[in-house]
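Generate coordinates for the entire structure from the input sequences, incorporating the hints supplied.
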Amino acid sequence: MSCGPISLAAYELALEQIMECTWDITLYKDTLTAYNSIAIPNNLPPLSENSLWIQSTLDQINASLARLENNLKLHTTNCIKDGIRSSYQELGGHYRKVGDLANAHRAYTKAREQATTALHAAQLSLASLDLALDAQNFKLAQSHAAKAQGALDTLVGSLELNKAAKSIKPGPPSSSHISATLGKPDGMDATEKDIERWTERVNLVNALTSLAMGDFGRAMRHFLKVGREAGEKSDHEELLATGHDIGIYVTLCGLAYLDRQSLKDGLMDKMEMRWVLDSEPQLRRILNLFRENKYGEVFSYLEACMERAIGQYFRSFTAARLSRACLVFGWSMEELEGRLARCIRGGQLAGCKLDLAEGVLRARQKTGRQSVVQEVLLSAGRIEREQKGALGRLSLIGADLLVRESHEPAERG
Numbered sequence: 001m002s003c004g005p006i007s008l009a010a011y012e013l014a015l016e017q018i019m020e021c022t023w024d025i026t027l028y029k030d031t032l033t034a035y036n037s038i039a040i041p042n043n044l045p046p047l048s049e050n051s052l053w054i055q056s057t058l059d060q061i062n063a064s065l066a067r068l069e070n071n072l073k074l075h076t077t078n079c080i081k082d083g084i085r086s087s088y089q090e091l092g093g094h095y096r097k098v099g100d101l102a103n104a105h106r107a108y109t110k111a112r113e114q115a116t117t118a119l120h121a122a123q124l125s126l127a128s129l130d131l132a133l134d135a136q137n138f139k140l141a142q143s144h145a146a147k148a149q150g151a152l153d154t155l156v157g158s159l160e161l162n163k164a165a166k167s168i169k170p171g172p173p174s175s176s177h178i179s180a181t182l183g184k185p186d187g188m189d190a191t192e193k194d195i196e197r198w199t200e201r202v203n204l205v206n207a208l209t210s211l212a213m214g215d216f217g218r219a220m221r222h223f224l225k226v227g228r229e230a231g232e233k234s235d236h237e238e239l240l241a242t243g244h245d246i247g248i249y250v251t252l253c254g255l256a257y258l259d260r261q262s263l264k265d266g267l268m269d270k271m272e273m274r275w276v277l278d279s280e281p282q283l284r285r286i287l288n289l290f291r292e293n294k295y296g297e298v299f300s301y302l303e304a305c306m307e308r309a310i311g312q313y314f315r316s317f318t319a320a321r322l323s324r325a326c327l328v329f330g331w332s333m334e335e336l337e338g339r340l341a342r343c344i345r346g347g348q349l350a351g352c353k354l355d356l357a358e359g360v361l362r363a364r365q366k367t368g369r370q371s372v373v374q375e376v377l378l379s380a381g382r383i384e385r386e387q388k389g390a391l392g393r394l395s396l397i398g399a400d401l402l403v404r405e406s407h408e409p410a411e412r413g
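In this text, residue positions in the sequence shown follow our numbering: the first is 1, and each later residue adds one.
Keep in mind that the hints were calculated from the coordinates and are not lab data.
Just so you know, not all the hints are guaranteed correct.
Subject to a maximum C-alpha distance of 35 Å in a straight line, what follows is the list of computed DSBU-like cross-link-like pairs (lysine-lysine) [as the list claims (entries may be wrong)]:
1. K147 x K81
2. K264 x K294
3. K270 x K147
As structure tokens, this is what we get:
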């Protein structure tokens, strides 16, 4: 599959992020191979491996692993429970940075066994949850989400008890309140905002994993628990979905799962959906049409969404294999060919050519000569208009005629 400059630029940014934020040498090499597999067929210079970064990264990996294993051995020998937890947690972070998800998950699991507070348990469950998402193990992600939610519920109860105690008699904070928070150093307190943000993330993970496994009812219920702040990226967490994405997901899940009356009571009239429907009026339109049995218009909206998705996918490539696109969209070859033909006729893929013999959709690219000729013609047209205007003005001056500009007032005689 041949790709345009935008994909190569995306790979370059990915390589920069990998080198800056991770020690994942395997991911770096795979990304570099993907870049060169696109650049070479397009007669572009390939990128070579940064051997200096690879060697320095290997040295850092070995030094860090030796230090962390030594700390773990020391804390295990001294039977320091919190030290053992902290060592396993740091070891899990190390393995994740290296890209070894299996060992990272094993380390986080052992760290959770040594957790002494609800906050530690929540922190480690959320870390394991992110690993499961990276591995696309949705069942495991739901399991860790349930553990994280249980720990967060316990943490909320502890926070309320602390509030009640402070309102009765001021005093030093309890030992359970002084702990590590996700993305914060040890010794900083968890706030209600932190707990709310983590709860939003757990609900969003439950919704997305249920959607991936086809459980639309469960996905819709969890999407409705997610507030609008869930679509905002924080400093320490990966953005899973924007507010616009959440609105589309919950609408489509509702259409797939609810009947007409339940659609009104359980979705359209819910306060949790108000902000989504107000910000995306086309979603409200689709729900109203579905309730009113105007299925033809609903299908036309969904068809437009599919055509837009097809256009976004194929416009990224100068030549795309149809067999690969069938896997992406989940369609048969005959269905994909029919949809591509309609998109080309409708203008969504204007300038593209469907090569059925090769099984490729090609974008008609202008050659350098065509671009130069087009620019010359545009420049010639502009010069011609300017010269005609100048000649017309000279003719008026030669005839002793004065042309006032439109904003000048006319003289009264």
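K147 paired with K81 [C-alpha distance capped at 35 Å]: Holds, at roughly 21 Å.
Straight-line alpha-carbon gap K264 to K294, limit 35 Å: Holds, because 15 Å separates the two Cα atoms, which is no more than 35 Å.
Within a Cα-Cα threshold of 35 Å, do K270 and K147 meet the stated pairing? holds (28 Å)
Hint violations for this structure: none, all hints satisfied.
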